[in-house]
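J.: Given the coordinates of chain W, assemble chains H and L onto it according to the supplied hints.
Protein chains in written order, with my numbering: chain W, 1 to 433; chain H, 434 to 720; chain L, 721 to 1011.
Keep in mind that the hints were calculated from the coordinates and are not lab data. Please note that the accuracy of each hint is not assured.
Claimed, not checked - Below, a list of computed lysine-lysine pairs in the PhoX-like style, where the Cα atoms sit at most 25 Å apart:
1. H:Lys-572 to W:Lys-226
2. W:Lys-211 to H:Lys-572
3. W:Lys-114 to L:Lys-955
4. W:Lys-167 to W:Lys-106
5. W:Lys-289 to H:Lys-572
6. L:Lys-955 to W:Lys-98
7. L:Lys-921 to H:Lys-535
8. W:Lys-333 to L:Lys-955
9. L:Lys-955 to W:Lys-100
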Amino acid sequence: MTERRDETRIEEAIARLVAEGRISRRSFLRRASRGGLVLGSALSLPAILAACGIKPQTSSTPPANPSGSTGGAPTPIPSPAGELDFANWPAYIDIDDKGKYPTIQKFTKQTGIKVTYTEAINDNEEFFGKIQPDLEAGNQTAYDLIVMTDWMIQKMIRFGYLEKIDKSQVPNFTANADSLYVNPWYDPNNTYSLAWQSGITGIGYNPTLTKRAITTFDDLLDPAFKGHVGLFSEMRDTMCMALLSIGVKPEDATVADVQKAGNKLLAAAKNGQFRNFYGNDYYDELANKNLWITIAWSGDITQMQLYDNPNVKFIVPQSGGMRWVDNMAIPNKAAHPVDAHMMMNFWYDPANAVPLSEYIGYFSPVKGVPDLISKDADAAEAKGDKATAAQLRVVAKTVNPTPDELQNVYNYKRLTEAEELAWNSVFEQVRTG
Amino acid sequence: MSAAIRRLRWAVPYLFLLPGGLWLLVFFVVPMAVMASISLQTGSLGTGYTLSWNFGIYPEAISQFATQFLRSFEYGFIVTVLTLLIGYPMAYTIAFRGGRIKNILLLLVILPFFTSFIIRTLAWKLILADQGFVLGTLKGWGILPGDFGLIATPIAVISGLVYNFLPFMVLPLYVALEKIDHRLVEAANDLYASRLQAFLRVTLPLSMPGVFAGSLLTFIPSVGDFVNATILGSRDTTMIGNVIQSRFLDFNDFPRASALGFVLMATILAMVLVYARLVGSDELTSG
Amino acid sequence: MTATTMPLTATEAPVADYRPPLRSRLSRLLLPVYTALAVAYLFLPIAVMVAFSFNNPRGRQNITWQGFTLQNYVDVWSRPDITDPMVQSLIVAVVSTIIATALGTLIGLALTRYRFPGQGTTNILIFLPMATPEIIMGASLLSLWVSLGVSRSLITIIIAHVMFNISYVVVTIRARLQGFDRGLEEAAMDLGADEWTTFRKVTFPLIFPGILAAALLAFALSIDDYVITSFVAGKTITFPLWVFGVSRLGVPPEVNVLGTLIFVVAFLAIAAQVLWQRRQARRQLVPSRAP
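Chain W extracted, bound-state conformation (with noise of 0.2 Å):
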């Protein structure tokens, strides 16, 4: 009881302060681009006038390098070119009020290297589609450092258009990486990519408007909400979480299982149940009530909660929910890879991650970040500072998933072509009939 008072303080004192402006928007940003809109891939030219099958590319080591250095600070390595072109998702890295990134310029402080920072991906599928063509044949791709999501490096690993990560060089997530995020199963031994944050894909929804709680995946078929229900556009997340009302765990789920899932949600989409299938923009819709109840990500209902709609609530469905990790990787041949193993081990560097996540405030893959936070947090405190120190503790709070949620969360199955292929077609007939 004290407990929920203590949390509806800290959110009041959260909400007065916004409403105050001593919290700047921007210091609340999360991210949230995955799925939606357009774009796609293409093909390079001479591998189809070649018009002979084309083997996937093998990925190349980057150059070995023999000096590893131990945990803390990054030593100097040896011979980084001293540029870096990062391409992230927007609002994915902390910004101040000037359009600046803080943690950036620190690090071009700290090793000399000159960092380009794009927001160039809005979609997964949309990116590789621009960068495929080049991966294909062999080229350079304009990037040396991209973030994609968990099953999206899977897929680029299956084709072999990633570097492998030299461990020696990245000393500080050997040493600082929570073990939720090392091995994981899209990538085996973090061969090609670390984790940079993660978080819950679930249902979010509108007490006042559908006059209930939601507790489960089947309340977004109750015929109650017909034409209010929001569903992903991205199959995977929307096809697991069908998956997992019909009691099957997405990483055992046989083409079989699948076409049953779809079946059950084609039958409701015929019947006009789901308004749309959204990408990022069902937060819109939610917030402006076109929706009632939607397939949501955690991150954004704490965002509605604080800035455009305090009604809304998050749940885990009793069925399950979808954990997702995105990821920073080198694409093949990228023109500065030890400039990008140096800002990758940057990042594990627990000083660094706790800017980053008090920022975003997803799930951060650094382990002791929630203390560190909170140590952040007493200081404020101690300098008086008590607006800032509140809005702390609320992040050390949600930048770790609890036992709970992680109860009952589960991992997408490593696809083979063939089965994305099925995979995508079911969806297909449920988005498109």
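T.: Below, chains H and L alone, put in the same frame as chain W:
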């Protein structure tokens, strides 16, 4: 000098065509030819593609997505007719009654399109939201049932398309109307024609090149559109553009996506040729 | 009153003391009122955009009104992440419009004034880019560049924009060129003008509204293009690309500010042009009124 020019007169049209034609050749025809060859290949991204001259993919693709094709043409047709009905009076007013502010008016028509289409479409989503300030108020007054929604309906998609393509209709119409000699209309009036008759028998026929151009500029792009269907529509309004997107993006199925694209292009071209015949057989071939 | 020498002026010149019946007067208002309403319809989303440029949202979404502020108009200048893409878009739009309009006008002239073998094929070639789905055009161009080993940049964007704009320019110009009375040109040449002077003084002014309309259309298409640009942009970020990316999270009000400012600037430019034209016209009238 004039004698030299006269000798080379045959070359003039080709000279005029050369720069633009070359540009289109290199940057459109060649890439499209590659796409055509891709459509005839079989395989996948992982296993590689081989040129198997798989012409069967065309009827396959058509039958698989016949609904979306038909729907797209249906929407395109409705959008063209609506923009013509809405845009013709606008173009007429600007051309005939615009006077000194003609240019301002013309610019007012096109000015909204200097802002990003995302902003415009998001603004429409806001305006047409179920509980937004338009529908919400109407529902509050009891004029509309509480359940009524415009977003995620074909009406919203078509409205979005009409809105976005209105200038494409108005501009060519204006251009054709503006050059009509007013004395012809006056002459008709002098010959006891009513205003309506003068319009139907003088102005309208003379403006047909504009009607033709505007219809083309509206119909052709709107059939292939996918943005409005995505943002304002639902699963029942998916257009062929959405399908092609998905085939490229989600399936990495380049042969089928290319095939769908070519079917779309070919069908549109056929319709345009028929339309040109109806409007006046000279239109297409004489330019 | 005899006809004026300019064949293309507006004609309404009611005889003094004649008052048309009420019904006729009202019906004459019909068209202007309709047009005003239609323009208002066109501007409705713009009005929303302008209104929300003054909004002060606490969160990342600018979708509910949360308070008036002018701060956005100050902030936008210190946001290079917003203004840079806009500058890129403007450069692309201006350059590609100029090139596309020039190339397209030439093609339009060739197609309407001459008969030559290959005319039908050219016509079809002109229609095809308009009918092609943008994703296919974009993807195929990307393949072209990759196979040629050309990296994507502002130049490749401009090339793509010119490519898809040519068709729109040609179709618009043709609406103007069809039925063009060659008699005026012939008269000029009979009076001793050579081809170039005839073009400059007779042909060009007469087709200019068509060229202008085509250029406007091309500019609007270029500045708004997302799909094709996204494929061929490489690391360059144009305004639609940026807005698209950001719209997934919430378009900051500074974007509305930029949109509003562009709008205002364009409007002022036109108003200035019209006033200037009026002044020119007035200057021309004065001598002829002198007794």
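J.: Hint by hint, say whether it matches the structure.
T.: For each hint, the structure was consulted:
Between Lys-572 of chain H and Lys-226 of chain W the alpha-carbon distance is near 19 Å, which keeps this suggested pair within the 25 Å criterion. Between Lys-211 of chain W and Lys-572 of chain H the CA atoms are separated by roughly 20 Å; this keeps the pair inside 25 Å, and the hint holds. Under the criterion of a C-alpha separation no larger than 25 Å, the hint pairing Lys-114 of chain W with Lys-955 of chain L is consistent with the structure, at around 16 Å. A distance of roughly 23 Å separates the Cα atoms of Lys-167 of chain W and Lys-106 of chain W; the hinted pair therefore holds under the 25 Å criterion.
The suggested pairing of Lys-289 of chain W with Lys-572 of chain H holds, with an alpha-carbon distance near 14 Å, which does not exceed 25 Å. Among the hinted pairs, Lys-955 of chain L with Lys-98 of chain W is consistent with the structure: their alpha-carbon atoms are about 22 Å apart, no more than 25 Å. The straight-line distance between the Cα atoms of Lys-921 of chain L and Lys-535 of chain H is roughly 22 Å, inside the 25 Å bound, and the hint therefore holds. For the hint pairing Lys-333 of chain W with Lys-955 of chain L, the CA-to-CA distance comes to about 17 Å; that is within 25 Å, so the pair holds.
With a C-alpha separation of about 19 Å, the suggested pair Lys-955 of chain L and Lys-100 of chain W falls inside the 25 Å cut-off, and the hint holds.
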